[in-house]
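J.: Below are the chains, spelled out letter by letter.
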Amino acid sequence: MARIDVNHVRHSYLPNPQKDADFALREVHHTFEDGGAYALLGPSGCGKTTLLNIISGLLHPSHGELLFNGKDVTNLSTQERNIAQVFQFPVIYDTMTVYDNLAFPLRNRGVPEADVDRKVRETLEMIDLASWAKKKARGLTADQKQKISLGRGLVRSDVNAILFDEPLTVIDPHMKWVLRSQLKQLHRRFGYTMVYVTHDQTEALTFADQVVVMYDGGIVQIGTPAELFERPRHTFVGYFIGSPGMNVMPVAIEGKTATIGSQRIELPGAPRTAAGNSGAIELGIRPEYVRLGRDGMAVKVSKVEDLGRHKVVRASLEGREIAAVIGEDESVPAEPKVLFDPAGINIYADSWRVEMGA
Amino acid sequence: MEKTWNNKAWFMVLPVLLLVAFSAVIPLMTVVNYSVQDTFGNNVFFWNGSDWFTEILESERFWLSMVRNLIFSFIILAIEVPLGIFIALNMPKKGWGVPVCLVLMALPLLIPWNVVGTIWQVFGRIDIGLLGYTLSALGFDYNYVNDPTDAWVTVILMDVWHWTSLVVLLCYAGLVSIPDAYYQAAKIDGASRWAIFRYIQLPKMNRVLLIAVLLRFMDSFMIYTEPFVVTGGGPGNSTTFLSIDLVKIAIGQFDLGPAAAMSIIYFLIILLLSWVFYTVMTNVDAER
Numbered sequence: 001m002a003r004i005d006v007n008h009v010r011h012s013y014l015p016n017p018q019k020d021a022d023f024a025l026r027e028v029h030h031t032f033e034d035g036g037a038y039a040l041l042g043p044s045g046c047g048k049t050t051l052l053n054i055i056s057g058l059l060h061p062s063h064g065e066l067l068f069n070g071k072d073v074t075n076l077s078t079q080e081r082n083i084a085q086v087f088q089f090p091v092i093y094d095t096m097t098v099y100d101n102l103a104f105p106l107r108n109r110g111v112p113e114a115d116v117d118r119k120v121r122e123t124l125e126m127i128d129l130a131s132w133a134k135k136k137a138r139g140l141t142a143d144q145k146q147k148i149s150l151g152r153g154l155v156r157s158d159v160n161a162i163l164f165d166e167p168l169t170v171i172d173p174h175m176k177w178v179l180r181s182q183l184k185q186l187h188r189r190f191g192y193t194m195v196y197v198t199h200d201q202t203e204a205l206t207f208a209d210q211v212v213v214m215y216d217g218g219i220v221q222i223g224t225p226a227e228l229f230e231r232p233r234h235t236f237v238g239y240f241i242g243s244p245g246m247n248v249m250p251v252a253i254e255g256k257t258a259t260i261g262s263q264r265i266e267l268p269g270a271p272r273t274a275a276g277n278s279g280a281i282e283l284g285i286r287p288e289y290v291r292l293g294r295d296g297m298a299v300k301v302s303k304v305e306d307l308g309r310h311k312v313v314r315a316s317l318e319g320r321e322i323a324a325v326i327g328e329d330e331s332v333p334a335e336p337k338v339l340f341d342p343a344g345i346n347i348y349a350d351s352w353r354v355e356m357g358a
Numbered sequence: 001m002e003k004t005w006n007n008k009a010w011f012m013v014l015p016v017l018l019l020v021a022f023s024a025v026i027p028l029m030t031v032v033n034y035s036v037q038d039t040f041g042n043n044v045f046f047w048n049g050s051d052w053f054t055e056i057l058e059s060e061r062f063w064l065s066m067v068r069n070l071i072f073s074f075i076i077l078a079i080e081v082p083l084g085i086f087i088a089l090n091m092p093k094k095g096w097g098v099p100v101c102l103v104l105m106a107l108p109l110l111i112p113w114n115v116v117g118t119i120w121q122v123f124g125r126i127d128i129g130l131l132g133y134t135l136s137a138l139g140f141d142y143n144y145v146n147d148p149t150d151a152w153v154t155v156i157l158m159d160v161w162h163w164t165s166l167v168v169l170l171c172y173a174g175l176v177s178i179p180d181a182y183y184q185a186a187k188i189d190g191a192s193r194w195a196i197f198r199y200i201q202l203p204k205m206n207r208v209l210l211i212a213v214l215l216r217f218m219d220s221f222m223i224y225t226e227p228f229v230v231t232g233g234g235p236g237n238s239t240t241f242l243s244i245d246l247v248k249i250a251i252g253q254f255d256l257g258p259a260a261a262m263s264i265i266y267f268l269i270i271l272l273l274s275w276v277f278y279t280v281m282t283n284v285d286a287e288r
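Read top to bottom, the protein sequences are chains F and E.
Quick note, in full-length UniProt numbering, the first sequence goes up one by one and the last residue is 358.
Quick note, in full-length UniProt numbering, the second sequence goes up one by one and the last residue is 288.
These are calculated hints, taken from the structure and not from any lab test.
A couple of the hints might just be wrong.
[Stated by the list, open to error] Partial pick of chain F residues on the chain E-facing surface, computed with a CB cut under 10 Å:
hint : residue
1    : His63
2    : Leu67
3    : Ile83
4    : Gln85
5    : Phe87
6    : Phe89
7    : Pro90
8    : Met96
9    : Pro105
10   : Arg109
11   : Lys135
12   : Arg138
13   : Asp306
Cβ atoms here follow ideal geometry from the backbone N, Cα and C, with glycine treated the same way.
Full structure from sequences and hints, please.
T.: Written out as structure tokens, the structure reads:
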């Protein structure tokens with residue numbers, strides 16, 4: 001197991017990158033602590049797989065360096081870095097048995113056959129495939145194949161980190177839960193450093209202790225699932241996490257008051273927007289904190305979506321689309337009005353969150 | 001409930017029936033007809049039973065052609081399959097080199113058989129051919145017209161030149177279908193170049209290789225035009241393969257009965273081999 005330091009890493013797929021836009025990974029500077037479970041979350045093309053491949057050594061970064069436990073590994077090959085990676089589509093060696101698949105990485109490294117046997121049997125127990133050991137790997141289901149890919153990493157006891165590149169994409173929904181909880185269990189029992197790339201927020205939030213949200217080649221926020229939900233640092237995090245995403249609307253700020261059109265909203269504190277900040281000021285509030293009732297600002301309800309557990313009300317406030325979440329048994333009043341729960345209000349300047357003073 | 005009979009459906013299959021009848025069944029039956037009768041011309045036929053078959057199966061000449069043909073097929077397979085895999089492995093996977101290589105590889109396949117034969121017939125001549133003249137000028141005793149070994153070498157070289165591309169293209173198609181993740185996983189697992197070939201590339205080429213072997217075996221077992229143009233089956237009978245022999249008997253000597261019997265035996269052998277290949281291939285599939 002290892003602590004992974006990503007030091008000012010930038011990467012471009014172009015031979016001669018000039019502008020910022022040429023970089024698939026603008027600049028990432030982050031430490032993955034030893035034994036942590038991290039999720040890299042972001043939309044397609046945000047650079048999360050690039051970052052993962054840089055950690056595993058399949059890509060060499062254009063700039064910056066990578067440390068494992070303080071040792072520079074930037075120029076080491078994938079094999080020398082001793083990491084495990086599970087890919088989007090299960091990679092198994094078709095012609096081998098399940099047993100031989102797991103033994104493959106050890107045999108390649110010249111481990112004595114007695115040790116291979118012991119390690120493979122242990123791993124088979126861990127991934128719950130002991131009864132399949134003698135079967136040809138190609139006859140297995142997608143989730144079993146994915147477990148074999150994982151097992152080929154686990155079988156090396158000295159592996160530095162286990163990296164997952166959207167590993168549950170091809171797995172049936174009901175098996176996703178099973179596999180994810182098995183992963184969690186493995187993490188708790190053996191304390192592997194795990195980095196899990198996904199664009200599915202549920203997967204990221206349930207798997208990881210720390211979620212790294214990436215957007216447009218950079219990290220926009222690192223935090224626990226609760227932090228990402230309550231205090232999105234960037235409006236993108238607000239949109240991307242939560243369903244429906246955060247309501248974001250342009251406002252004017254004066255002291256402890258925000259104005260949208262003719263409506264005034266009291267804030268819990270005065271936002272500390274930098275002096276001379278010319279950028280757009282926005283107010284963000286999650287639909288869960290929008291209270292629909294008979295008091296507050298008048299809205300026009302356009303649609304009510306019944307999701308089974310709760311309802312999502314789509315409405316317009318001062319001409320802006322806004323969503324609110326209400327309970328399954330609540331109904332929309334005749335003259336609907338909304339109030340913003342102060343605990344859920346965040347203020348953004350230039351899309352970045354600003355702190356509010358007392 | 002009474003069934004509705006609609007006999008119009010039969011008219012729909014009629015074109016196919018006619019086509020197959022005229023292209024396959026009727027010619028085959030004509031051959032069967034010849035194979036059991038004898039004639040002295042004037043369209044007078046005598047029933048001959050299985051005599052022609054016995055004659056062919058007991059003739060040394062038939063078995064020698066057969067053995068030559070099998071040896072030929074074996075040699076070209078032993079050269080073309082490994083060579084084809086080797087070339088396919090070393091072809092570029094992306095960039096401008098891909099179309100260039102593909103066109104170069106496809107070129108020999110586009111040349112008609114008799115033209116290939118003519119090219120090599122001229123190429124190998126010691127008086128004007130580039131290959132033959134160069135070899136003799138360098139002091140090699142090369143003459144495919146007189147020397148059986150030289151004739152064999154020329155015919156085999158010609159077939160390798162003409163058909164290795166087919167194996168290459170099939171293998172290449174198998175190789176490019178392997179997702180990158182396999183190579184990345186192999187790197188992570190610390191696999192050697194050989195292990196990557198043995199456990200990733202070869203299994204993925206498995207099916208196309210079977211097709212390649214089947215096609216090349218069948219083609220070489222029925223080979224006629226190219227060696228006929230280059231050597232005419234000589235010197236002596238050294239490059240007389242089954243189909244050349246068959247034509248010699250049928251057209252050269254006008255022994256229609258034995259030729260027909262030989263055709264049928266030849267046909268049955270190919271049918272048997274096709275069946276064996278088919279069974280092997282479907283068994284491989286079932287194992288998956």
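J.: Taking the least C-beta to C-beta distance, is Lys135/F closer than 10 Å to chain E?
T.: With a minimum Cβ separation of about 12 Å from chain E (threshold 10 Å), the hint on Lys135/F is violated.
J.: For the restraint on Met96/F, tell me whether the closest CB of chain E is nearer than 10 Å.
T.: Check passed: Cβ of Met96/F comes within 7 Å of chain E, closer than 10 Å.
J.: Under 10 Å is the threshold here; is the Cβ of Arg138/F close enough to any Cβ of chain E for the hint to stand?
T.: It holds, given that the least Cβ distance between Arg138/F and chain E is near 6 Å, below 10 Å.
J.: Should the hint that Phe89/F touches chain E count as held when the rule is a Cβ pair under 10 Å?
T.: Status holds, d = 6 Å.
J.: When the nearest CB of chain E is found for Arg109/F, is that gap smaller than 10 Å?
T.: Check passed: Cβ of Arg109/F comes within 5 Å of chain E, closer than 10 Å.
J.: Minimum Cβ distance from Gln85/F to chain E below 10 Å?
T.: holds, 5 Å
J.: Against chain E, run the beta carbon of Pro90/F and see if the smallest gap drops under 10 Å.
T.: holds, 9 Å
J.: So, as I understand it, the hint says Ile83/F touches chain E; can you test that by seeing if any CB pair is closer than 10 Å?
T.: For Ile83/F, the interface hint holds, since the closest Cβ of chain E sits about 7 Å away, which is under 10 Å.
J.: If you take the shortest Cβ to Cβ gap from Leu67/F to chain E, is it below 10 Å?
T.: Hint on Leu67/F: violated, closest Cβ of chain E at ~19 Å, above 10 Å.
J.: Identify whether the interface hint at His63/F stands, where standing means a beta carbon of chain E within less than 10 Å of its own.
T.: violated, 22 Å
J.: Does the CB of Asp306/F sit less than 10 Å away from some CB of chain E?
T.: violated, 41 Å
J.: Checking hints one by one. Is Pro105/F an interface residue toward chain E, by the C-beta closer than 10 Å rule?
T.: With Cβ-Cβ at 4 Å, under 10 Å, it holds.
Consistency with the previously given hints fails for numbers 1, 2, 11, 13, ordered from lowest to highest.
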